[in-house]
Each structure stands twice: as structure tokens, then as C-alpha cells.
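J.: Chain B: place on chain A using the hints.
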Amino acid sequence: MYLHRHTAIHALPSHLKIIAAICFILVVVSTPVTQWGAFLAYFLWLFIVVKMAQIPFPTLFKRALIEIPFIFFAILMPFFGTGEKIQVGPFDLYREGLIAGSGIVVKGTLGVMTAIILSTSTTAREILRGLERLRLPVLMVQIASFMLRYVNVVNDEMERMKVARESRGFEATGVKSWKVLATAAGALFIRSYERGERVHLSMLSRGYKGVLPQEHQHKIKGSVWFIAMLYPLVAALIFITQLLIGTM
Amino acid sequence: MHIPDGFLDVQTSVIFTGLSAAGVAVALKGARSQLDEKTAPLAGLTAVFIFAVQMLNFPVAAGTSGHLIGGALAAILVGPWAATLALTIVLLMQAFLFADGGLTALGASTFNMAIVGVWAGYGTFLLIRKILPKKKTSIPVAAAIGGFISVPMAAISFTVQYAVGATATYSTTTVLGAMVGTHILIGIGEGLITGLTVSAVLASRSDLVYGWKNNTQKLEIRNA
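Residue numbers (numbering that gives the first Met the number 0), protein chains in the order written: chain A, 0 to 247; chain B, 0 to 223.
By construction, these hints were calculated from the structure, which means they are not laboratory data. Any given hint could turn out to be false.
[Unchecked claim] Derived list of chain A stretches under chain B, where covered just means 3 residues or more per stretch with a C-beta under 8 angstroms from a C-beta of chain B:
hint, segment
1, 41–50
2, 54–67
3, 88–96
4, 100–107
5, 164–178
6, 187–198
7, 226–240
Using N, Cα and C, we set each Cβ at its ideal position, and we do this for glycine too.
For reference, chain A alone in the conformation it holds in the complex:
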């Protein structure tokens, strides 16, 4: 997920990036859907940040496709609703549904893209360290770091089991092949769990007592805080400006 670049955004401390991302999304979510000018400005600002982080736009859009299932939910909304109807092209749509549906798509997209900026400009390890600084319980951080460390190992194991199945002529065709696949899932569990036990024993033999060694945390300068918080601050400014224009 991570793209290695040398940009100001990559260099920011990860916990500040997480705070900034969440605050930005909170501002976006709190904006009334009818303030479409504000949403245009949010997208513009987001794209500027994407550019600054040197994330290729095709990557951004490709990864944003992950929200497709929910978009269906939103797209159907103008068709099944109640209340006032309006004519859009060949379709007879419900006004309320259209507004709410487009709101979900727009806000969801801004959220997804923000998360993509975060994860392409920050290594997984750094994100975890950031969450740790934001007081995620130590045990949760440890569980997550085990997950990160072994996710490729276990995925490879699953891939090898798939190769083994297929080289014996197995082809998953329908519900009748579920027993074989479930057996594979069971085997995968046993292998994962046994690996967990081995890892635990080797940790014990290296002197593990339930806590991992902590790294020294540097103090963050005010200017760095300010730069990181620019992301939600500009969004908040857009929000306020739009409100002022709206009332004039």
C-alpha cells in the first residue's frame, strides 16, 4: 500500500497524520449535503494534497474502487423513496433520495481518498506506531503488529495450499466443493495457531514478559503540528466560508 517518496507529507509524524485525516473527515461529514460548493473545494484541496504527496492519480482512483459496494446502496436511493419527484434525463427520481444518495457517495469518496493518502504516505509500521501514540491499548498494538508481521507468511501458506489442491486436480465449482475449501480453512487455522504458539515460545526464550520494548518518543515541534493540521484546517475554512456565503 505504501509508496516510497520523499515529500513533506511522507515526513510528517504518523500520529499527526492520523489526527489530521480523522479531523478532515469529521469536517466533511458535518457539512450539509446541499453545500455543494464546499464539496468541490474539498475535492480540489484533497487533490492538491495528493499531488503534494506525489501519489499517482490512477493509483488513487483504482484504490478508491473499494467503496463500490456501498455506492450501489446510495445509487438506488433516488429510485426507491418517498416525497417530491424530479425529472433527471429519462429518470423520474426522488429529490430527497437523490440528495442523500449523492451525499453518501461524495462524503464516502472523500473519506476513502483521505485514508488512501494516509496509507500511501505512511508505512504500516508507522501507522501502528502512530496509533500507539494516540493511546491505542498496548495489547491491541501488539496484536496488530503480529498481524502485520505474519500476514504475508500466512497468505503464502494459503497460496501454497491452493497450488497443492489444484495440482491434485481440484477445481472449486460450487457448493459441493465447500467441504474441501473448509478443510483448507481449518488447516490454515491450525497452522496459524501453531505458528502463534511457536512465536510465543521463542519470545519467552528471548526474555519476553508481556511488554515489548518501547522506543523513545521525540517531542514534536509546534510548527510540525501546524503543518499536519493544515489538512483539516483548510477544510474547516472552506466550511466556514461556504456558510458565510450561504447566509449572505
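T.: Chain B only, in chain A's frame:
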């Protein structure tokens, strides 16, 4: 069921983040007393297993396929505490690393899948295990029913969130009907796979199945 940002309003997101945080705190305590200092590696590897098994495709028909959600399965295999932790971490990583599920909706998604999904599944499993004869072969059956129930229960929990604070216009009863209807179908698949997987683990390493371990007999020494 990964809720995106902007689907729930801010208050609802905050409420469910609080509820999830409380649930996870309880699970942390429970897992520590069950697994002690083994919690981190074992719950971690369970999280990896759930993450991997969600990518295993089960073909249904006509080119469609589904995958396991794994809440009930994890609860039956490693116990509900560690399962809640593992599922929470999977959701957390999916949101932060893959942008799957909104960051502000993470609390709500966690509540549905890691808390309601896991505990509804495990509770049902316990209930059915009590009813069925105390035999090893009853465990996969109870697991299947637990897996089945966990999915529509998570869907109901989603509908509650929808009713409390969704920025959408479908009526709550429509959403309830559609969500529960489709998730009963998904649940049938989840239940079957959960039961089959538990039975596969029971066959080779029954000592690893938490939901069965409680019933294992003490080693008994008999005279020749």
C-alpha cells in the same frame, strides 16, 4: 458491511465508537485472564487467519462466490474474547491500510462485526451446544447455527445504527427487510462454512477448539 465515512452522522459515529471501545476494553480484560501473556501472539495470529480466510473464495453458483466473515468461527475456535480482539484488529487494519470502511465509521463497523457478530454467534453456539447431546459431533452443528445467526444479527445491528443516524432516505423497515433478507442467505453460507471448518479442526486438533475444550475429559489413569 464496511460502513463508509459520511453514511452515519457524527453523533452516531461517536456513540458507537464509545460502545465499541467499551466492548474492546472488556474483551482485553477477558482475553488476558484466558490467555495471559500468550494473548498477543495468539490473538495476532488469529487476526491473520481471519484476514486470510476472508480472501478464500467459496463459489456459490453462476460465477458468484462469497467469503467467510469469520466472527463466529473465531469465537468458537479461540474463545469470544480473543475473537473480538482479532476481528477489531482486522477491521482497524482494513480501514487504515486498505481504506476499506471509513475511519470515522470504524467504531460502528467494529460494533456490528467484532462485538455483535462475535457474541451473537458465540451465544447461539453455547445455547445449541447445551440442547444437543454432549458429543463431539454436536459441536460442528452448534457452530454452524452460531455462524448462521451471527450474520443477520450483525445486519440488525447495522439497521439500528441506520435508524439512529443514517443520512439516507430509505425507511427503516425497508432497510431492515432488505438487510435481514440478504443476510439470512449470506448467513446460511457462513453457517455451513463455519460448521465444516470447525469439524475439520476438530478432526485433527480438537484441543485447539475453544468451544469443545470446555468439555474435554480429564486424563484418567486406568489400571491394567
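J.: Give a verdict on every hint.
T.: Verification of the supplied hints:
1. With 0 residues having a beta carbon nearer than 8 angstroms to a beta carbon of chain B, the segment 41–50 of chain A misses the requirement of three or more and the stated coverage is violated.
2. For the segment 54–67 of chain A, the stated coverage by chain B is satisfied: 4 residues place a CB nearer than 8 angstroms to a CB of that chain, which reaches the threshold of 3.
3. Residue count for the segment 88–96 of chain A with a Cβ under 8 angstroms from a Cβ of chain B: 3. That meets the three needed, and the coverage hint holds.
4. Requiring three or more residues with a Cβ within less than 8 angstroms of a Cβ of chain B, the coverage given for the segment 100–107 of chain A holds, as 6 such residues are present.
5. For the segment 164–178 of chain A, the assignment as covered by chain B holds, since 7 residues bring a beta-carbon within under 8 angstroms of that chain's beta-carbons and 3 suffice.
6. Only residues whose beta carbon comes within less than 8 angstroms of a beta carbon in chain B count, and the segment 187–198 of chain A has 9; three or more means the coverage holds.
7. Given as covered by chain B, the segment 226–240 of chain A fails the check, having 0 residues with a CB less than 8 angstroms from a CB of that chain where 3 are the minimum.
Comparing the model with each earlier hint shows violations of hints 1, 7; every other hint is respected.
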